[in-house]
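A.B. asks: Using the hints, position chains B, C, D and E against chain A.
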Amino acid sequence: MIVARHPDLRTFLGLILPYAVTYGLISTGVCFAYVSFEWHWIDVSFGVLGTLGTALAIFLGFRNNSAYERWWEARKLWGQLVNASRSFARQATNLIGPDPAGEAGRASNDLAKELVYRQIAFVHALRFRLRRQDALDGLEGLIEHAELEELRRSHNPPNTLLQTQGERLGEALRRGRLEGFASRTLEVTLTDLSNVQGGCERIKNTPLPRNYLFFTRLFIVCFCVLLPLGLVESVGWWTVPLSVLLASVFSVLHHISELYEDPFENRPTDTPMTALSRTIEIDLREQLGESNNLQPLAPAKGYLL
Amino acid sequence: MIVARHPDLRTFLGLILPYAVTYGLISTGVCFAYVSFEWHWIDVSFGVLGTLGTALAIFLGFRNNSAYERWWEARKLWGQLVNASRSFARQATNLIGPDPAGEAGRASNDLAKELVYRQIAFVHALRFRLRRQDALDGLEGLIEHAELEELRRSHNPPNTLLQTQGERLGEALRRGRLEGFASRTLEVTLTDLSNVQGGCERIKNTPLPRNYLFFTRLFIVCFCVLLPLGLVESVGWWTVPLSVLLASVFSVLHHISELYEDPFENRPTDTPMTALSRTIEIDLREQLGESNNLQPLAPAKGYLL
Amino acid sequence: MIVARHPDLRTFLGLILPYAVTYGLISTGVCFAYVSFEWHWIDVSFGVLGTLGTALAIFLGFRNNSAYERWWEARKLWGQLVNASRSFARQATNLIGPDPAGEAGRASNDLAKELVYRQIAFVHALRFRLRRQDALDGLEGLIEHAELEELRRSHNPPNTLLQTQGERLGEALRRGRLEGFASRTLEVTLTDLSNVQGGCERIKNTPLPRNYLFFTRLFIVCFCVLLPLGLVESVGWWTVPLSVLLASVFSVLHHISELYEDPFENRPTDTPMTALSRTIEIDLREQLGESNNLQPLAPAKGYLL
Amino acid sequence: MIVARHPDLRTFLGLILPYAVTYGLISTGVCFAYVSFEWHWIDVSFGVLGTLGTALAIFLGFRNNSAYERWWEARKLWGQLVNASRSFARQATNLIGPDPAGEAGRASNDLAKELVYRQIAFVHALRFRLRRQDALDGLEGLIEHAELEELRRSHNPPNTLLQTQGERLGEALRRGRLEGFASRTLEVTLTDLSNVQGGCERIKNTPLPRNYLFFTRLFIVCFCVLLPLGLVESVGWWTVPLSVLLASVFSVLHHISELYEDPFENRPTDTPMTALSRTIEIDLREQLGESNNLQPLAPAKGYLL
Amino acid sequence: MIVARHPDLRTFLGLILPYAVTYGLISTGVCFAYVSFEWHWIDVSFGVLGTLGTALAIFLGFRNNSAYERWWEARKLWGQLVNASRSFARQATNLIGPDPAGEAGRASNDLAKELVYRQIAFVHALRFRLRRQDALDGLEGLIEHAELEELRRSHNPPNTLLQTQGERLGEALRRGRLEGFASRTLEVTLTDLSNVQGGCERIKNTPLPRNYLFFTRLFIVCFCVLLPLGLVESVGWWTVPLSVLLASVFSVLHHISELYEDPFENRPTDTPMTALSRTIEIDLREQLGESNNLQPLAPAKGYLL
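These protein sequence lines map, in sequence, to chains A, B, C, D and E.
Mapping to our numbering: the first sequence position 164 is 164, numbers consecutive.
Mapping to our numbering: the second sequence position 28 is 28, numbers consecutive.
Mapping to our numbering: the third sequence position 177 is 177, numbers consecutive.
Mapping to our numbering: the fourth sequence position 279 is 279, numbers consecutive.
Mapping to our numbering: the fifth sequence position 266 is 266, numbers consecutive.
In case anyone wonders, no lab produced these hints; they're calculated from the structure.
Treat the hints with care, as some may be off.
Pairs count within a copy or across copies, as identical chains cannot be separated in the list.
Stated by the list, open to error - Pairs of lysine-lysine, DSSO-like flavour, derived with a Cα cap of 30 Å:
| # | residue 1 | residue 2 |
| --- | --- | --- |
| 1 | LYS113 | LYS301 |
| 2 | LYS204 | LYS301 |
| 3 | LYS76 | LYS301 |
| 4 | LYS76 | LYS113 |
One chain only, chain A, in its complex shape (with noise of 0.2 Å):
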């Protein structure tokens, strides 16, 4: 996510200037052909120009729109988590019970901080599913070595997590740690979580309808190609700036939604999955009245991953 509000011109000129090149050389060359060589038989009137790119600007308005849409949506789905996160942590350490059959206090604290911690291990372990990282190290420390090892070994590591999670609430609920309305409290929960997890494999593994994105930037090439055959009979050289003009401004609205339309790339235009499991990291550590140095992240040349 690029937070920067005023960031780095290069990121932007890096974005126009393949496209204002481009363009701005057809353009050149059509004006060389028509006013040193006469080649008038290339010139095209601009009406049905006109009519196409408010047709092609209609379609690019909804396409950006979809384009958008998914960002946001996966980015609710992080904030969901968020939200989830934080419920779980303040339902575990509140609602589980003492172990009757061990020491009070500190057992049930133990189950709780087990379960939190492994909340923590189930935000790591989808961020790095949907970046298709394979990275479970990270989860060193949260759950025993044990579980990592089976984790390792599972087709769908985070699903085995919330797996593991609904098995140690059986547990509890059997030996009576845990009441039957805190289980369904703590199962809804579970639930949530399934759910985020779902929307976020939605999204990355649906792109946009390719057809529509092919034909879109096909039929935006080529009015691009021919806005310069349009435009040099009644402006002559001043075709040159304005076809750039033109071409960039439905180029880059085109490219920048490619750019948003999946959202989990490892790209400066992300979903900040880094920075989110930080903050859920950091807030579920201090529900659990761990004092920790964890800091959020901050971004690096203008954007959070």
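C.D. replies: Below, chains B, C, D and E without anything else, positioned relative to chain A:
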């Protein structure tokens, strides 16, 4: 669902070519008539066609949006099916106690396993129903033979499976293997599954308003046919490429929205129900602690079914 | 709901013909006046009409969208009715225990059957209410005669049926045939059914803002009448087909949005309430274990009511 | 809410006439100046006005949409109030047991009746609050005199009524007239009612962004005033009807969106709160088994308040 | 939030003047150059600018919509905070029983009062956090001094307050002052409050895509600067007012959407968090039965903070 980032160009050509050829021939004919035979009376001013094109672009934009929303809702429903299936399996394996009348551990496991297998069967049965496939044989091994026979006689196999889940949970409750709150938790998940089924049936059985589709298509065809008449006077032989481009923009985007508006029709643009059923089967078997060698489906020819 | 993929062309002709003929006559008159009588003062420049047409297309696009959203929400509500009916039947058949004061198995079944039958009656009664049909006789056989008599005196039969469901469940609870959590589960489903009823009544009783509709129609008529005056100078007799085409685009799309904005009016474009009631009746009887010979409704003349 | 399908034309005339007259006079003046006094310098090319008109149409389209969404959300909230009221009455009459310290049947009925009457009072009180009416006297007969006195001193009468409902249910719980799960069911319904109240207050107290409204109106006025200057050269005296038509389209649609964006202001375009309160009162009294002669409100002058 | 229906004109002038002056100077310069110095080469045909303007209007329309939706979502979240606070107070005062180990009536009231006061503190603390204000001193009198000290050391004071609420409710449960179902009811409300907090943080910390904003602004500036070049040939000195008008439409609407897209920044266009906190405090104290003299905040200079 098309997943390949740079899919087979032939697919795209197959989509655009019919329109390009048709409108190419029409506009070539118009140019011959105007230039060679000097039928100047066929000239139509472009002005009104520009307004018509803008209006159609607006309507087409909304229509594309509706088609995309249907497709995305279908995908969301199947995402909810993934989530609810995982939650159901977690709840069934952890909340059902041992059979007081049986050998404790084993029997408990047996009922959970039966319920999770039947949940996998529900997912497959829903897919068969949505694709109108008579493939209940594929459930062999997931439910008992007698139940499968009964299912064949059912008007609505997925609903019958949910009803059986409800019956088995009711029995477990009466035998004391399930407490009240846990029965409620599982029943809420069954209700979620009912809602997913109903939502998919709604999309399957309710096409977008046919009137609207028919007339949008009719007006787009009229517009594309008249286009060369509006261009030929001012741009001469440029009429051919410009007509083909503009007609393709409208025709192709309309065609694509027709592909996406019905997402359960055994087409490459479908919701990938087969792949998602496989994902669910892998995850649920893992939650049961089964080692299985099932692999996620790999895309073939750039798409997943 | 129109289901036929290639429906009767007469329906479509019936929709477009009145507009095509009206505006055909008007534009023919204008052409005669301009060409034959040389009334050149009737010429209006097309420029301003183009801007007006674009503006009206934008407003019409939003209006079509609102109409479609109403129609789709109506369909969603009936989809929820299908889902909640199935869930209610599953819960009633599985969560209600035998009557301690009666012969166990039989009596238990009797109450569940009564409740499920009354749920079917609720679905039909809601349909009658939305279509303003006085057809409560159709509930004969589903509820007892005395209850039907009482229902005839009710201001709001579907709500009275839900109230009776609540009463019967309250009794079952007090007699110990239903546990607390199960009472809550069934009550949540009754609340869902109340919400469906209220949602349908909202759409039925709250038309789209009449002011907006009146003026949109008025402005579209003005635009269509002025169109030939804006075209006749530049395109001569082409004025007739072009006016008819453009006027038909606006008039027909407006007309269609009027058909869809009120989905409970006994029209071919309605939500198919009769067909969905039948689906629910088939599914619920099957859930009761009844063998029934009811068949889903087949579309007649290309549509389902 | 305007319900009449063909309402009083005077209402519509009253809406359009001020704009038609104003812009008619302005454009007549412009024509005189141009044609009679030959002030040719007042001519403005239409081109830029066409672009401005299209831009304003787009902004106005979004604005109309936002206004409609507010109005529709207000109606949805009152629909939820209808649903939640019916559910509350169903739950209160069926889930509350007899007072163990009282005469069984009678006392039970008494508490349910008190709660349902207070729910009717809540509906009326919410309406008074939204319309800023000091009309609490209308609750006489629904709640006791002492409670009414206390209500007059409250800052927020509907919330105080919900608080009292909560208190009475808490008492019933402590006396054993209500079981835990039933208390939860009724409390969930009270929370729904709180949400409806809060939602209505949000719409009432948060106008659409004033800046946006002010400038949209300003720009529309500028556009409408400049219009005749852009038309007079090319269409002469046609300027008058065309300016009036185009200016009316923008002004009237803008005016209408102002009517709908605030739906709780005692205007014919309001959410019909009085009619809906009556509907709720009829239904709830019927659910109590009372025979009442209340009739639904009939529209007066084509609208319902 | 700006509430005044006819607010201070100076505010509006302050908004539009910078743009009007800048573009007024530019267009005057262009007119001088064209008319006085006869630099005819600066003329740019308006055609392409019209298309560019339409495209930018479409993109700006979507962008305004996104900004409005963020602002409205922020207001909805604070509305939910109002609702959940009222429900929490109602539940706390009515569902918590007397302390078996204390003097009955008094002690019960004490815990409810403590919880409701801490809820008020939560609302204020959330506001301080969203506005980045270090103002925890304002909570003096609502929570105990020791708790306030601890809060100062917290990374996330609102979450710490919710954690404390959970702890106190957990204690009440273990002491038997709260039954299981009531604990669940209150925990559900705490989860709602967690969701409100997380939602607000999401809007606060996730700006709209910066790339998109940067380029939209850039393209609008380019368009406004080029405008006079496109007008000067055809309309002469009319270029100045027309350029100023069209440039103001785009610049002002863009500027306004920037004001609304970030609703937690201590600006007049903010969500009125101070006023809503006051409303909550008044309502909750009234629910506790306290007589208080707090008054709702009155708008100052036409807006509420």
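A.B. asks: Each of the hints needs a verdict: does it hold here or not?
C.D. replies: Status of each hint after checking the structure:
1. With identical chains, the CA atoms of LYS113 and LYS301 are never at most 30 Å apart, being 36 Å at best within one copy and 48 Å at best between copies.
2. Taking the shortest alpha-carbon separations for LYS204 and LYS301, both the intra-copy value of 25 Å and the inter-copy value of 20 Å come in at or below 30 Å.
3. For the homomeric pair LYS76 and LYS301, the shortest alpha-carbon distance inside one copy (24 Å) is at most 30 Å, but the shortest distance between copies (34 Å) is not.
4. Taking the shortest alpha-carbon separations for LYS76 and LYS113, only the intra-copy value of 27 Å comes in at or below 30 Å, while the best inter-copy value is 34 Å.
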